[in-house]
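K.L.:
Spelled out from the first residue to the last, the chains are:
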Amino acid sequence: MGATVTTAKSEGKTWGGGNEPMNASYGKLMMWFFIVSDALTFSGFLAAYGFSRFKFIETWPLPDEVFNHFPFMHGVNAPMYYVALMTFILIFSSVTMVLAVDAGHQMKKSKVALYMFLTIIGGLIFVGSQAWEWKNFIKGEYGAVETQGGSLLQFVDNTGKRVKLSDFAVNLPEDRVQDTRDKGIWFSSEGSLPTYSVAEVQAGFAANPNLLIRTEVIYHPSDATKADKTLHPTLNSKPKHKTVLTREASEAMLKNAHYVVEGANLVRNEYGSKLFADFFFFITGFHGFHVFSGVVINIIIFFNVLLGTYEKRKNYEMVEKVGLYWHFVDLVWVFVFTFFYLV
Amino acid sequence: MSHDHVSNTKRIWNVFMLLSVVTIVEVVLGIFKPDALYHNSFLAMNLLNWIFILLTIYKAYYIVWAFMHLEGEKSSLRYSIVLPLVFLILYIMFIFLIEGDYIYGIFKDSTIKWNF
Chain V
1 MGATVTTAKS
11 EGKTWGGGNE
21 PMNASYGKLM
31 MWFFIVSDAL
41 TFSGFLAAYG
51 FSRFKFIETW
61 PLPDEVFNHF
71 PFMHGVNAPM
81 YYVALMTFIL
91 IFSSVTMVLA
101 VDAGHQMKKS
111 KVALYMFLTI
121 IGGLIFVGSQ
131 AWEWKNFIKG
141 EYGAVETQGG
151 SLLQFVDNTG
161 KRVKLSDFAV
171 NLPEDRVQDT
181 RDKGIWFSSE
191 GSLPTYSVAE
201 VQAGFAANPN
211 LLIRTEVIYH
221 PSDATKADKT
231 LHPTLNSKPK
241 HKTVLTREAS
251 EAMLKNAHYV
261 VEGANLVRNE
271 YGSKLFADFF
281 FFITGFHGFH
291 VFSGVVINII
301 IFFNVLLGTY
311 EKRKNYEMVE
321 KVGLYWHFVD
331 LVWVFVFTFF
341 YLV
Chain A
1 MSHDHVSNTK
11 RIWNVFMLLS
21 VVTIVEVVLG
31 IFKPDALYHN
41 SFLAMNLLNW
51 IFILLTIYKA
61 YYIVWAFMHL
71 EGEKSSLRYS
81 IVLPLVFLIL
91 YIMFIFLIEG
101 DYIYGIFKDS
111 TIKWNF
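As you go down the protein sequences, you meet chains V and A in turn. Counting in the working numbering, the first sequence runs from 1 upward without gaps. Counting in the working numbering, the second sequence runs from 1 upward without gaps.
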C-alpha cells in the first residue's frame, strides 16, 4: 500500500498530473491501450474463424490448394511462396520502422525520414500484394458445382489432377440472358451468370469418361471409408486430402447439381465451405485496412519529419507511437498467416 | 520515451534474421508437410499445427519485445499489456473451439443429412 502513503510534500504532485507511473507518456500509453483492444478484436475474429472451422472440420478447404499462385508463373503450383514473400515484405517494413525509431532517439532527422519512407514503400507493396491475392481468390481457377444440398463438387481426372470447367464443359444452344433492371421488370435483377450452365457442365462430364468428382470431405482411412463402395478405389490412398468418388457415384452426384460456382464471393466460393471465403474476405480485409491506415498515418508523420516538427519539439516520440501501431499490424499478420495459410 | 539513447541497430538486425529464419522454416514445413508430423496428433491437433502455432508465438514474442520495445518498459506496463491478452485470448479460444467441436459432433451424429 505504498502508493497511498503520501507525505504533505508530495500530495499535491500525486494527483496534479504530470506523473508517469508506468514511465510512459500519455500518448504512448493510449497507443498501447488501443493496441490491446485491437488485438482482442482480431482474436475475436480468429476465434470465430476457428469456431467455424472446427464446426466444419471435415469439409474445410485445404489452404495450399487455394493459395497456390505466384506472379508471372501461370499454371505453376506454388503454394505458400507468395504469402511468404508478403510476410517478408511486412517484416522488413517493420525493421525499417524500428530503425526510424532508433534514429529518432539519436535525433538524426534525415535518417528518420529515409527509414520512414522505406516503411511506407513496404506497406504499399504489401497492400498491393494483398489486392493481387484477392483478385486471384475472387476470379478462381477451376470452377465447381454446387448441389441441391449446398455442398460443393470439384472435378478431377483419373489421376486425381484438378480439371477446369472450361476444359470439358460443352456449349449447348441455350440462351440464358442475365436479368437486369432495364430488360425485365424494373425491380428485378440478378447477379452475373456463370460462364456455363449446369446442363453444359453435366453434358461435358458425360462426354468425358475419365472425369471424376471430388467432394468437400477430407478423406481419413477407416473401416467405414474402406467399405464405402462410392469412393474411388485407388485415388483415395493417402489420408488428409479431398475424397474422390468413383465414376458411377460421380454421375449420380452430378445429377444433384443446381448451380455453377466460379471464383468466390460472399455467398459461395469454388474452394469449399461457404464460410471460408467470408472469413477470408473479412479478416484479411480488416487487416489490409489496418495496413492501409498505417500507411496513411506513416505518410503524415513522414511529412512532419521532413517539415522538422519533431526537430523543433526536440523529440521523436511521435515516430515511436506510429511505430507501435505499425509493428502491431505486422504482429497481426503473423497470426493471420499462420491460421489462414499454414494450419 | 525510451531511456537508452544508444543505438541498438545490431539487435534489430539480429531479430530480423531470427524472424526470417523462423518464417522460412514455417514455409518449408508447410510445403513439404512431413508425414511424421502431419499424421500424428497431440491433444486432437496434429504435431505440424502445434509447431506452427508455437513458432508463431515465438515470432510474436520477438516482435513485441524487440520491435515494440516492451523489453525496455517498466514491468507494470509489460504485465498490464500482456496478461489481459494472454488470459482473454486463451479463454475465448477455449470456449469457441470446444463449442465448434461440439456442433461438429451434433451435425455428424444427427439424423439430418446435411452434406449431400
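Read the hints as simulated data drawn from the structure, not as lab findings. Be aware that one or more of the hints could be misleading.
[Claimed, not checked] What follows is a list of derived Cβ distance ranges for each label pair:
1. V/P173 with A/I95: 52 to 58 Å
2. A/N40 with V/N171: 47 to 53 Å
3. V/G285 with A/N14: 43 to 49 Å
4. A/G72 with V/L307: 25 to 31 Å
5. A/N40 with V/A252: 31 to 37 Å
6. V/S237 with A/G72: 51 to 57 Å
7. A/N40 with V/Q106: 48 to 54 Å
8. V/N77 with A/F87: 40 to 46 Å
9. V/A224 with A/F87: 38 to 44 Å
10. V/P71 with A/S76: 44 to 50 Å
11. A/Y91 with V/F187: 27 to 33 Å
12. A/D35 with V/A199: 52 to 58 Å
13. V/F187 with A/H39: 38 to 44 Å
14. V/I300 with A/V86: 29 to 35 Å
[To be verified] With a straight-line cut-off of 30 Å between C-alpha atoms, the simulated DSBU-like cross-links for lysine-lysine are:
15. A/K33 with V/K274
16. A/K113 with V/K238
17. V/K229 with A/K108
18. V/K226 with A/K113
19. A/K74 with V/K226
20. A/K10 with V/K226
21. A/K33 with V/K312
22. A/K10 with V/K274
23. V/K164 with A/K113
24. V/K255 with A/K113
25. V/K240 with A/K74
26. A/K74 with V/K164
27. V/K108 with A/K10
28. A/K74 with V/K108
29. A/K74 with V/K238
30. V/K238 with A/K108
31. A/K74 with V/K139
32. V/K109 with V/K164
33. A/K113 with V/K240
34. A/K74 with V/K111
35. A/K113 with V/K111
36. A/K33 with V/K109
37. A/K108 with V/K240
All values reported here derive from a predicted model rather than from experimental measurement. Every residue gets a Cβ at the ideal spot worked out from N, C-alpha and C, and that includes glycine.
K.L.:
Does each hint hold? Answer for all of them.
P.N.:
Here's how the hints hold up against the structure:
Checked against the given bound of 52 to 58 Å, the beta carbons of V/P173 and A/I95, roughly 56 Å apart, stay inside it. Between A/N40 and V/N171 the C-beta distance comes to about 49 Å, which sits within the given range of 47 to 53 Å. Here the CB-CB span from V/G285 to A/N14 is close to 34 Å, at odds with the stated 43 to 49 Å. The beta-carbon spacing between A/G72 and V/L307, approximately 29 Å, falls within the hinted interval of 25 to 31 Å.
Checked against the hint of 31 to 37 Å, the pair A/N40 and V/A252 passes, with Cβ atoms roughly 36 Å apart. Between V/S237 and A/G72 the C-beta distance comes to about 55 Å, which sits within the given range of 51 to 57 Å. Roughly 51 Å separates the CB atoms of A/N40 and V/Q106, a value that falls within the hinted 48 to 54 Å. A C-beta distance of roughly 42 Å is found between V/N77 and A/F87, which places it inside the suggested range of 40 to 46 Å.
Taken as a hint, the range 38 to 44 Å holds for the pair V/A224 and A/F87, whose Cβ atoms sit roughly 41 Å apart. For the pair V/P71 and A/S76, the beta carbons lie near 47 Å from each other, so the given range of 44 to 50 Å is met. Between A/Y91 and V/F187 the beta carbon distance is about 48 Å. The supplied range of 27 to 33 Å is therefore violated. At about 42 Å, the CB distance of A/D35 to V/A199 disagrees with the hint of 52 to 58 Å.
Distance hint check for V/F187 and A/H39: the Cβ-Cβ separation is about 55 Å, which falls outside the suggested range of 38 to 44 Å. Between V/I300 and A/V86 the beta carbon distance is about 33 Å. The supplied range of 29 to 35 Å therefore holds. Taking the CA atoms of A/K33 and V/K274, the gap is near 26 Å; set against the 30 Å cutoff, the hint holds. At most 30 Å may separate the alpha-carbon atoms for a hinted pair to count; A/K113 and V/K238 meet this at roughly 26 Å.
Annotation: proposed proximity of V/K229 to A/K108 holds, straight-line Cα distance about 20 Å (limit 30 Å). Proximity of V/K226 to A/K113 is assessed by CA-CA distance (about 21 Å); at most 30 Å being required, the pair is judged to hold. For the hint pairing A/K74 with V/K226, the CA-to-CA distance comes to about 60 Å; that exceeds 30 Å, so the pair is violated. Note on A/K10 and V/K226: the hinted pairing is violated, with a Cα-Cα distance of about 58 Å set against a maximum of 30 Å.
Only pairs whose Cα atoms come within 30 Å are accepted, and A/K33 paired with V/K312 is rejected, the gap being roughly 55 Å. Note on A/K10 and V/K274: the hinted pairing is violated, with a Cα-Cα distance of about 47 Å set against a maximum of 30 Å. Taken as a hint, the V/K164 and A/K113 pair is honoured in the structure, with Cα atoms around 29 Å apart against an allowance of 30 Å. Straight-line distance between C-alpha atoms of V/K255 and A/K113 comes to about 17 Å, which keeps the hinted pair within the 30 Å bound.
Under the criterion of a C-alpha separation no larger than 30 Å, the hint pairing V/K240 with A/K74 is inconsistent with the structure, at around 48 Å. For the hint linking A/K74 to V/K164, the alpha-carbon distance of about 58 Å lies beyond 30 Å, and the restraint is violated. For the suggested pair V/K108 and A/K10, the alpha carbons sit about 17 Å apart, so the restraint of at most 30 Å is met. Distance hint between A/K74 and V/K108 is fulfilled; the C-alpha atoms sit about 26 Å from each other, no more than 30 Å.
Distance check on the hinted pair: A/K74 and V/K238 sit about 53 Å apart at the alpha-carbon level, beyond 30 Å; violated. In summary, the hint linking V/K238 to A/K108 is supported, as the alpha carbons are separated by about 23 Å, within the 30 Å threshold. Note on A/K74 and V/K139: the hinted pairing is violated, with a Cα-Cα distance of about 50 Å set against a maximum of 30 Å. Between the alpha carbons of V/K109 and V/K164 the distance comes to roughly 55 Å, so the proposed pair goes past 30 Å and is violated.
Of the supplied pair hints, the one linking A/K113 and V/K240 holds, its CA atoms being roughly 22 Å apart against a limit of 30 Å. Annotation: proposed proximity of A/K74 to V/K111 holds, straight-line Cα distance about 28 Å (limit 30 Å). Between A/K113 and V/K111 the alpha-carbon distance is near 64 Å, which puts this suggested pair outside the 30 Å criterion. The suggested pairing of A/K33 with V/K109 is violated, with an alpha-carbon distance near 47 Å, which exceeds 30 Å.
A C-alpha spacing of about 18 Å is found between A/K108 and V/K240, which places the hinted pair at or below 30 Å, so the restraint holds.
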